[in-house]
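These protein sequences, in sequence, are chains A and B.
Under the numbering used here, the first residue of the first sequence is numbered 389, with each subsequent residue one higher.
Under the numbering used here, the first residue of the second sequence is numbered 7, with each subsequent residue one higher.
Source of the hints: derived by calculation from the structure; they are not laboratory data.
Just so it is clear, CB atoms sit at the ideal spot from N, CA and C, and this is done for glycine as well.
Where hints are given, some of them may not hold.
[Claimed, not checked] FRET-style restraints, in silico, Cβ to Cβ: (1) B/Asp159 - A/Arg549: 38 to 46 Å; (2) B/Asp159 - A/Pro444: 52 to 60 Å; (3) A/Pro444 - B/Glu255: 42 to 50 Å; (4) B/Arg89 - A/Ala472: 30 to 38 Å; (5) A/Ser682 - B/Met120: 25 to 33 Å; (6) A/Glu434 - B/Met120: 30 to 38 Å; (7) A/Cys595 - B/Ala339: 41 to 49 Å; (8) B/Arg48 - A/Gly452: 53 to 61 Å; (9) A/Leu613 - B/Met120: 52 to 60 Å; (10) A/Glu604 - B/Ala267: 52 to 60 Å.
[As the list claims (entries may be wrong)] Covered by chain B, per the in silico footprint, the following chain A stretches (three or more residues, Cβ under 8 Å): (11) 520-527; (12) 587-600.
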Amino acid sequence: MRNERTSEEVALGIRRRVFEHAIRNNGGYLSQACSAGEQLAWLYNEELKMGEPTLPPVPKPFGGVPSADNPGYHTGAGYNGPAAPDYDRLFIAPAHYALVAYATLIEVGRMAPEGLEMFNKDGSSVEMIGAEHSPGMEVHNGTLGIGLSTAAGLAWGRSRRGEAGRTWVFMSDGEVQEGQTWEAVQACAHHGIDNLYAIMDVNAQQCDGAMDTVMEVGDIRQKFLTFGAACVEIDGHDLDAMRQAVREPHEGRPLIILAHTNPFHTMSILEERFPRLHYVRFKSEDERARMNASIARDLGVDPVDYVH
Amino acid sequence: MVEMVNRPYASAFEKFAAGNPDILCLSADLTSSCEIDGFRDRHPGQFVSLGMAEQNMMSFAGGLGLAGFRPFIHTFGVFMYRRPYDQLMASIAYPRRKVRLMGFLPGVTTPGGMTHQSIEDIAVMRSIPNMTILETGDATEVESICEAADSIDGPVWCRVLRGSVPRLFDTPIRVGEMRELARGDDILVVTSGICTEEALRARSALQKAGLSIRHLHLHTIKPFDHQALLDHVGSIRHGVITLENHVTEGGIGSLVAETMADAGVGKRLVRLGLKDTYAHGGSRAYLMRWYGLDALALVRGIEDLVGQSFGIGEDDLDAARIDAVHSIVKAEAL
């Protein structure tokens, strides 16, 4: 579909939307926009082969959970286009990146801006922790570590069916603390699953703070290589590095791109909140006002005129 | 003497699955123990080995379901819900993937002790939305479990018997129904799985004692035909007794209790099974006697229900089968 804008512009647009949303709502997943902006922009704007959305630009309200009594149930995957054999699929494994993912859908024209107004509102499908039925989501990933395994199963199945489309996972580095991630990689290596791709936002942050203070994970790349994946490390704010990384040969193995990122990238004032960046809720009106002014300046926009 | 069938699952699964490309046989390093080693050798293209990594296996199976496959997961029941419960919930149950969870070694059918005995799986599965629960009680049910499970539009939990299994029934599982094994009108006995054979052992002694027994065998635990049960409860004079290879909390005893309470039925109910306890390692016959899951326990329960002793002892019961712990029909003594 259309990519009339550069991925740099899309990344900036994502951050502006997340910034505006966070200021208006007195907090949000700001840091994730800083770290992941380029990755999601690159995936949606350049790399992923996706068809036109099959769901309406303004998301429908919550339509119930999957059940035999709910025959009209569908996931939010339609915002990524149809699940056709030649198209790529994408799972957002850390579902708390949903706000950033929704902003991406808007920036690439797959969802209307009104969709973000529904974020975390009762009765809305645009949930705070991306659910299966949330725009752009196809599976539940709110429990961290299950995304890569699910994608591995889907990728194996698609390969068995002779489908050309790839299965992609957007991951977070905290997930390498979960044993399931490594079970998934060893299964991929054992079964030669090479139509599976992941790009991991290595921002070195997790809910409690800096990962090194919570649980050291060591050399992630070496671990992925040892478990049998192909793995490339890049600067996660460098789009050319992503374009290069995806060309890495990985026959018989999944390709994992470790995108090292800065959790304050383009919003330098957030460093004041280090190491508690997981969810930035403003501690005072003064902090909210200072962040509003500072981030607006960084992103080249006017400060948000929010209700005091 | 009851007919014994060797490894009914092995041949039934192969007959059912072979040649159907949408059916996949998943295994977690218990391939021969779950009687699918022959299938693996003869149909390697449909066999997916996932190793001792159940968390990945559950989510992987969810992904296969998303790709339109119908995976049959084979391992011991405990290994499919205790450690990977989160994955079972998020990757299989919630999205209603057509994953068939073939859980071997239900309850005390293994001398493997606490780590191998799934004693609370039915309670867990009953509380999971979208889950269907089937339990096999004889060779015919084992032979028909694959078709029955695969007829369900969603995930299915199956308690599967293996090794040498008695043939008690001559008709396959019909999902949603219950088997009416006796139509008496004094006491309603409700059993499932291996406990049904125990109830059958007590049948003639109870008859001689002058008791008219109505006996139901449940192979479908969820969904459940509550009205059919209530009709039976309404047809008997005294009370109801349940016997299950499971803890009495959340299993078929609870199912019957909830059904009766919801309908305001004022009859007595005795629930037999594991009474808020773990079991330990031992032979099936020993464990069933020790924990009160056998024919004699049922007789004592019925005596409690009617407030009368019938003087029935072990010698009055039909002969129990004694399963060999070490047998050529099992891959290992577990």
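Results for each hint:
no., hint, result
1, B/Asp159 - A/Arg549: 38 to 46 Å, "21 Å, violated"
2, B/Asp159 - A/Pro444: 52 to 60 Å, "27 Å, violated"
3, A/Pro444 - B/Glu255: 42 to 50 Å, "47 Å, holds"
4, B/Arg89 - A/Ala472: 30 to 38 Å, "36 Å, holds"
5, A/Ser682 - B/Met120: 25 to 33 Å, "58 Å, violated"
6, A/Glu434 - B/Met120: 30 to 38 Å, "54 Å, violated"
7, A/Cys595 - B/Ala339: 41 to 49 Å, "46 Å, holds"
8, B/Arg48 - A/Gly452: 53 to 61 Å, "43 Å, violated"
9, A/Leu613 - B/Met120: 52 to 60 Å, "39 Å, violated"
10, A/Glu604 - B/Ala267: 52 to 60 Å, "53 Å, holds"
11, 520-527, "holds (count 3)"
12, 587-600, "violated (count 0)"
Taken one by one, the earlier hints fail for this structure at numbers 1, 2, 5, 6, 8, 9 and 12, listed in ascending order.
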